[in-house]
Amino acid sequence: MDKASLIGVLIGSICLGIVFFEVSHGHFMMFFSLEGVLMVGGGSISVTFMALPMHAMKQVPGYIKKFMFQKGKSAVEVVQTMSMLGEKARRDGILALEPEIEKLQGTDPFLASGLRMAVDGVDPDGIESTLRMEIMAMTERHKAGKKFFDLIKLYGPGYGLVGTLVGQVGMFGNLATADIGTLGHMLAVAVVATLYGAIVANAIAGPIGDKLGIRSSEEILNREMALQAVLSIQAGDNPRVTLDRMLAFIPAVQRKTLKVAA
Amino acid sequence: MDKASLIGVLIGSICLGIVFFEVSHGHFMMFFSLEGVLMVGGGSISVTFMALPMHAMKQVPGYIKKFMFQKGKSAVEVVQTMSMLGEKARRDGILALEPEIEKLQGTDPFLASGLRMAVDGVDPDGIESTLRMEIMAMTERHKAGKKFFDLIKLYGPGYGLVGTLVGQVGMFGNLATADIGTLGHMLAVAVVATLYGAIVANAIAGPIGDKLGIRSSEEILNREMALQAVLSIQAGDNPRVTLDRMLAFIPAVQRKTLKVAA
Amino acid sequence: MDKASLIGVLIGSICLGIVFFEVSHGHFMMFFSLEGVLMVGGGSISVTFMALPMHAMKQVPGYIKKFMFQKGKSAVEVVQTMSMLGEKARRDGILALEPEIEKLQGTDPFLASGLRMAVDGVDPDGIESTLRMEIMAMTERHKAGKKFFDLIKLYGPGYGLVGTLVGQVGMFGNLATADIGTLGHMLAVAVVATLYGAIVANAIAGPIGDKLGIRSSEEILNREMALQAVLSIQAGDNPRVTLDRMLAFIPAVQRKTLKVAA
Amino acid sequence: MDKASLIGVLIGSICLGIVFFEVSHGHFMMFFSLEGVLMVGGGSISVTFMALPMHAMKQVPGYIKKFMFQKGKSAVEVVQTMSMLGEKARRDGILALEPEIEKLQGTDPFLASGLRMAVDGVDPDGIESTLRMEIMAMTERHKAGKKFFDLIKLYGPGYGLVGTLVGQVGMFGNLATADIGTLGHMLAVAVVATLYGAIVANAIAGPIGDKLGIRSSEEILNREMALQAVLSIQAGDNPRVTLDRMLAFIPAVQRKTLKVAA
Amino acid sequence: MDKASLIGVLIGSICLGIVFFEVSHGHFMMFFSLEGVLMVGGGSISVTFMALPMHAMKQVPGYIKKFMFQKGKSAVEVVQTMSMLGEKARRDGILALEPEIEKLQGTDPFLASGLRMAVDGVDPDGIESTLRMEIMAMTERHKAGKKFFDLIKLYGPGYGLVGTLVGQVGMFGNLATADIGTLGHMLAVAVVATLYGAIVANAIAGPIGDKLGIRSSEEILNREMALQAVLSIQAGDNPRVTLDRMLAFIPAVQRKTLKVAA
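Top line first, the protein sequences correspond to chains A, B, C, D and E.
Everything in the first sequence is counted per the numbering used here, starting at 1 for the first residue and increasing by one.
Everything in the second sequence is counted per the numbering used here, starting at 1 for the first residue and increasing by one.
Everything in the third sequence is counted per the numbering used here, starting at 1 for the first residue and increasing by one.
Everything in the fourth sequence is counted per the numbering used here, starting at 1 for the first residue and increasing by one.
Everything in the fifth sequence is counted per the numbering used here, starting at 1 for the first residue and increasing by one.
Calculated from the structure, these hints are not laboratory results.
Errors might be hidden in some of the hints.
No distinction is drawn between identical chains; accordingly, a pair holds when it is met within one copy or between any pair of copies.
Stated by the list, open to error - Here are the simulated DSS-like pairs of lysine-lysine, each with C-alpha atoms no more than 27 Å apart in a straight line:
| no. | residue 1 | residue 2 |
| --- | --- | --- |
| 1 | K88 | K146 |
| 2 | K143 | K88 |
| 3 | K88 | K65 |
| 4 | K143 | K103 |
| 5 | K88 | K73 |
| 6 | K146 | K103 |
| 7 | K3 | K88 |
| 8 | K88 | K58 |
| 9 | K143 | K73 |
All values derive from a computational prediction rather than experimental measurement.
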């Protein structure tokens, strides 16, 4: 569970709810517009289908799950796991990692495959290039996930503008015949489409895409740290050297706790 | 056939159709404006001719076809083809790939030329540099294709604004003499130009350009994978190593299926 | 003569002409505003002088000429020239290129200097670094040329906005005393400045800058190909190898024609 | 204490205060809008929680402190410290730096760890890679800090627009029934949300983020200089050479003072 | 004296002057607004203090001087100086450059330090890395200078918008009680703040920042040329080779003149 996401969604919903209530005095229907829903909702769906390949569209539920529920370990956990493995390899020889690899297979296949290669005696260049390729490929996949929300953030307001312009054309065409109340209502309905676009972009798709981007960077950092540690363990480095190579990747405050622990 | 593109186009068309109908009560002509068509349509054509060289303009029909109909293989197919070739080379020697190269000549000239060099004993550096150059050149050509739609996305709304401003100047010039109905009609016609620009950018050229960009990235990834596999096959690597080098490039879920198959 | 540029300019001019006529019924003077000309025209000139060094300003007529009249060879021509030179060097020795270099001195000084170094026996690293430097320097110069139009595209509408705001301030100051016709006329004049800015950016400077940018990329590609070929010729490579190194840079369709020809 | 930040905040506050007073004649409440506060304030908080991981949110007070109170040394101080250390190492041997390292442990752990490695005889490549990794990791952390303010700069005005649109929809819906004073008041309240967004983005979050970015660049530069000096000291270079390697990183004016001092 | 900057400033001032006169019929005070001055002027100062460190703020007068008065040599001058030095070193030995270095110390310390190292027999790698570091550090400093104007270009219009919104809130609050003339005047005053922002961004800070950026690129190019020449002189290359290495960096037209001269 990603508490920050949950808190953010709650705060945003409550603020929007109060403002809608304040302005409409409870007549929420004044903020409903079929045109707006069709343009911003339908338009966003249309655009993502047009812009993304089918296999990316099928992964969308996964992206949303990823936003709400934290996955992967924190940098500190990675350091602790790797320190433990380093100690063990130093004490009992690198082959002693075999049972650990079995356990990691399910929870961290990236690390497991790196250690497997280290134990099998693959040369360091080979390990580094294979793992780094995997990191690059993961980066590519994350980019595709982020793209979905970036597309909605970009085109949602665009479609909202289309809805508003259509409504305005309709209103201007009736300028001579309609009374002021009707014109006002038409204008309100037209503006709602832009409103939907602004909410979708600023309150939903924008921050979700940003969080996915930051998560991706963190995961890349964690894997980079694991890669450094695997190489260090295989080289038979002193566990302190292994620790130092990873420590460089995490913030100073957390580092102190770890150094004491090491 | 690219189903996602088709679905996207259908959803977008239906949503726009309903909204146009709802607002105009079937009088679709209120959304027609000769000025809008000339500015956004003619302007977009003018801009692409001005900005692109003639040979790029001639490839436009091809770009649109590429958007609607999927081309190239999926990453999984590439892995399967390469695994099969790797097995064969390992079993019967690299020369056994000769007949395969003949077959690939028509469907995948990039791979065929890579294998041809591997069989002819060109040194790995030579193969890598030639194939990587070809990938770079393909990237350049894809960029040119995407540029066409990016230009329309960028300048279409700009020309739409020109149309609206021209219409507004005309309207303001008649502010004293014309009645409110005429002014409203003039304003509606003026706004239609901006509407056309917003539709062209957000519902058409934008997402098409995005899809071409994503397709390009996928094709580059596929070729990168094929390049790695060709080098691995020539080096006489164990097919499992070859597979591992490619597997790093595809998502985890699909990977499992392949590992079982391998 | 660059036909695409000419076609683009003609289409744009005709569309704008029809729209201006339609709206003004031939009273084109309603689209003239001294303020607009001074702001968008004078402002653009002011900005380019302020932003660019004097020697860049002196090259502006050359940039515009470059936009209208195609310069340089197509990629296919480069391949044909280089293939011919490669064949000759292979058959008669590299010294046989001496007379060709004389001929190329006027039409393609870049290639001539590369071949001159190859014939003089300069080492490949030296040739590559000198030619690559020249390519980089050319890139720098092209960027400066493109910058002129990018500046107008960026600041033209900005100055147009200034003109419109000045006009609006004047109009609002007279809101109490002037009649509706006068106010409408003042507003029309004010809006014309924004209109000029939108036309300058979207119909003129924008696409010209884009074409200069694409031309620049093409010229860099051509020179990169020539560089590869010179190195290949000097190394005494088989002309087919030379051809392959260059072919990677041009689109598949044109490639077939060439392979047949080779 | 960062005087420039303080001066900037004071000037901005005074200017805004005078303008608010001038326009409202002291009735500051006309610039208060609950909708605006909820949208821009609540919305910004919501967005940062949604976009950033929890551990980044916890560091926000630290970011704000960093903006108001200067941390780290100036480039000149770094040069002076390193020159002093270089002289000492040259005169008394590199082991003489041991007591200095103890002192630096608290004030500059980066430099201390670099010198520790140099004294321990770690090979130059090892020192460079470890320190450079630490610089990269610091860069990552700084980016996360800057991101917080960039998010507010980006989404604050977006939420402000949402608030204004909601208010406008409410106003247009009452166009027929409300009197002009009420409509004016509703419009004023609506516009205030956009005003809050513009202030948050332009007067607060924008410049704070920019300063954090510049501070980050400076700190990277300082560390890069220290890294060069550590390598130079370990190599037993003449202190003048050490100085020259660092001097290249600081502006010419300050350099003169230092050269005289050296 | 940078003539282009002077011409640009004059043209811009004259055009703005005429337009202001035309619209106000000489009543320039209608374009004065205390709110506008406080917001755009005070706001820009506030933002630069908040975003930049104090030492950067102190260099602002220097930046403005740099914009109006050309500094540094043209590329052609650099080539001529370096050719002369190359000839001399070739004829009389590299030690003959000693007196030249003395002379250059004041006018071109970068070149002087490069030649000094060449004469002292520092190895080419050492010279290249030291000089290249100095070029990188200069690039960093130039970026900081450009940043000042980029900040004003970015936040000036933002603060202008704040001023206009504040004015509009004031006006809408008085919609029921004030007469049309007063409202018009209030609106005019409000719009003036946006006008100031547009002028500051488009006519002043924008182009100054652009010129500083281009000047920076030119200076980097000149130093890169000087670096190449120093290395070539030290290697005892034929002056023609030295010339060729530099010539690659300057435009073809100027090159011809030089080749004749050489």
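Going through the hints against the structure:
no., hint, in the structure
1, K88 <-> K146, "neither (39 Å within a copy, 39 Å between copies)"
2, K143 <-> K88, "neither (36 Å within a copy, 35 Å between copies)"
3, K88 <-> K65, "neither (36 Å within a copy, 42 Å between copies)"
4, K143 <-> K103, "neither (29 Å within a copy, 35 Å between copies)"
5, K88 <-> K73, "within (21 Å within a copy, 41 Å between copies)"
6, K146 <-> K103, "neither (31 Å within a copy, 38 Å between copies)"
7, K3 <-> K88, "neither (35 Å within a copy, 52 Å between copies)"
8, K88 <-> K58, "neither (42 Å within a copy, 34 Å between copies)"
9, K143 <-> K73, "both (20 Å within a copy, 21 Å between copies)"
Hint violations for this structure: numbers 1, 2, 3, 4, 6, 7 and 8, all remaining hints satisfied.
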